[in-house]
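Go by the hints and put chain B onto chain A.
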Amino acid sequence: MSKIIPLSGNSAVAYAVKSADVDVISAYPITPQTTIVEKLAEFIANGELDAEMIHVESEHSALSAAVGASATGARVYTASSSQGIALMYEIMFITSSLRLPIVMTIATRALSAPINIWNDHSDFMAVSDTGWVMMMAENNQEAHDDVILAYKIAEDPEVLLPVVTALDGYFMTHTIEPINVIERDEALSFAPKRKTWFTLDPDKPITIGALGDPQWYSEFKKQQYEAMKKSREVFEKSVEEFARVFGRKYGAVEFYGDENSEIVLIAMGHVVGNVKAYLSKVRIANSRVGVLKIKLYRPFPEDLVVRYLENAKIIGVIDRALIPGSASPGPLHSEIVTALRKHGVSSKTLSFICGLGGRPVTHEQISTMISKLTEFKDKPASELPREPLFIGVRE
Amino acid sequence: MSKALTIRDLPREERFAPGHRMCQGCGAAILMRHITKAIPKDTIIVQATGCVEVTTTLYPQTSWMHPWLHIAFENAAAGASGIEAALKVLRRKGQIPAEKEIKVVAIGGDGGTFDIGIQALSGMLERGHDVLYIVYDNEAYMNTGIQRSGATPLGAWTTTTPVGKIWHGEWRLKKDIIGIALAHRVPYVATVNPAYLPDLYMKISKAMSIKGPKLIHAFSPCVPGWRYEPALTITIAKMAVQTGIWVNYEVINGVLNVTTPVPKRKPVKEYLKLQGRFRHLTEEEISNIQKYVDEQVAYINKLAGKEVIGPVEA
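Just so you know, the protein sequences line up as chains A and B, in that order. Each residue of the first sequence is one higher than the one before, counting from 810 in this note's numbering. Each residue of the second sequence is one higher than the one before, counting from 2 in this note's numbering.
Chain A on its own, in the form it takes in the complex:
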């Protein structure tokens, strides 16, 4: 049976990796991820986990070695943050294109410069186009559960894509919560180890990573696209089964509050919890406010997003990353606007940029955002600000 123990977010992740009985861990230290692999090293050192740990000399090699190990048929895990993720960027594309079901945790952190070890979503958003399935947790229990879900989805023969499970640096990685730990037998019965992908086998020698010229490249890419699409179905089936087995229900998106709310705030990660806490504290007169949490970022669950947003008058999107020069400098806002537009929904949106480089998203800031949304709720779309609104930032 499961047991409940107090764990930091990083430990919660490490316990899940242990329960998934991974074969190879290839990782390089970086704050705030480091304590995940420290914990895993401890498990191996104590004989609690039988795995090879490759003490690589960089994140680039961390993911490269993970690719080698996965191509050999091992269940592989790695984790990183910020600059480490940036250094892996090249190999992230290759991992998804070689269709290797590696699971990687991103303990999210700001990107340099200025160098900053604290939390935002710069790293996560920077790799959102690398072809990985990507999930972000709201709390430590979810960060724990996501690892098990990730192997289930990644290794599904209809998917075979690498998966990112993300949790917010410090706010979650170094914060202790009670965790219902999934035990090894439970994890392996939910996400059994099956060799569903092509591997380097001397008895059946194959060439992996061939040169694809213009005659073939597009077909490879199309297949990858189809696999990503398929991963959504597999995600839905997996969370359903997960709820049946473990009693915890997750969705690609999750809505809190009245589904007919005129105002909806959209957030990811631990900030979702902040918004929920704020709303339960303050019952706002005359204004029903709902919160939409985006858990699954790739593939982006646009259908569900639209379903929850089509009745809203105005939508506020909290972005904790910034892409200067983009049509929408908030990357999540960009996704939301695209989804609405694609489905012909004309709800107004406001883009909020806040919580960069570890600055907490406070109740005061959330209150400011709701005021802004209330202010523009009944105004014509032509009066909406064209620029994102920086919340809690000095002029």
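None of these hints come from the bench; they were simulated from the model.
Within a straight-line C-alpha distance of at most 16 Å, the following computed EDC-like cross-link-like pairs (lysine to aspartate or glutamate) qualify: (1) B:LYS101 / A:ASP1010; (2) B:LYS101 / A:ASP1012; (3) B:LYS94 / A:ASP859; (4) B:LYS274 / B:GLU230.
Showing chain B alone in chain A's frame:
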């Protein structure tokens, strides 16, 4: 040293299929064919991006009868580390039969090894993975069209060290990749040359029998990059050894053994004049290169403890 192994003693079985797109006379093609003769059948190969990679695996064809993986340019050693680690744990967990021994070989060019892959290589050597790393050294970035690398020799013309009014070819010395490997205290390091195939076969077989990280540095003449006629590949490879600019040797646990002794050396000019990349060199520049070769030879002789490579014959 093996006793009188000849070319006729090498295995007839081919595991490097013809029909690839390597140049006529390519030194690397000869190397690949004979590497696959020398390594056990149950060997996984990881290849860095480069000439050999792009010319042998144009989808849906492949020249490789071994399980073969290409990830990127700078990480063949890291990929090989991952494969080796996976093999270890999968065997321990009963996923691979205990009696089935699977080896790992990483192959990269000089760019992928001396330059962009040096960090991954250092990591692989330092961590002690049971992998043989083979660098085929054609002394420049040939795949992208002859740009200088850290392995480009003194004086060589390349497209990024052109010959002009101010520049006169490469002005820096070739990086000492063997010295770098030896600094990692690895059990086996060797040099091989396609003009000496029994020697190559013997060294690769030996490397595969030694546990731990190994590095083999292979001389790899390049027809378009070195600017010579395809028929001259072996002549040039042989001349490199006869002039002492290339020495065939191995270092086993730190002890150096020259496997192709050269009692009397030819002047390095004999090697240089066969190749268009050295055509612009002045007598003074050639004598500078000769001086560099003399120093290298003296260094090897010192490590060998005797004069295995003799003086330049008059």
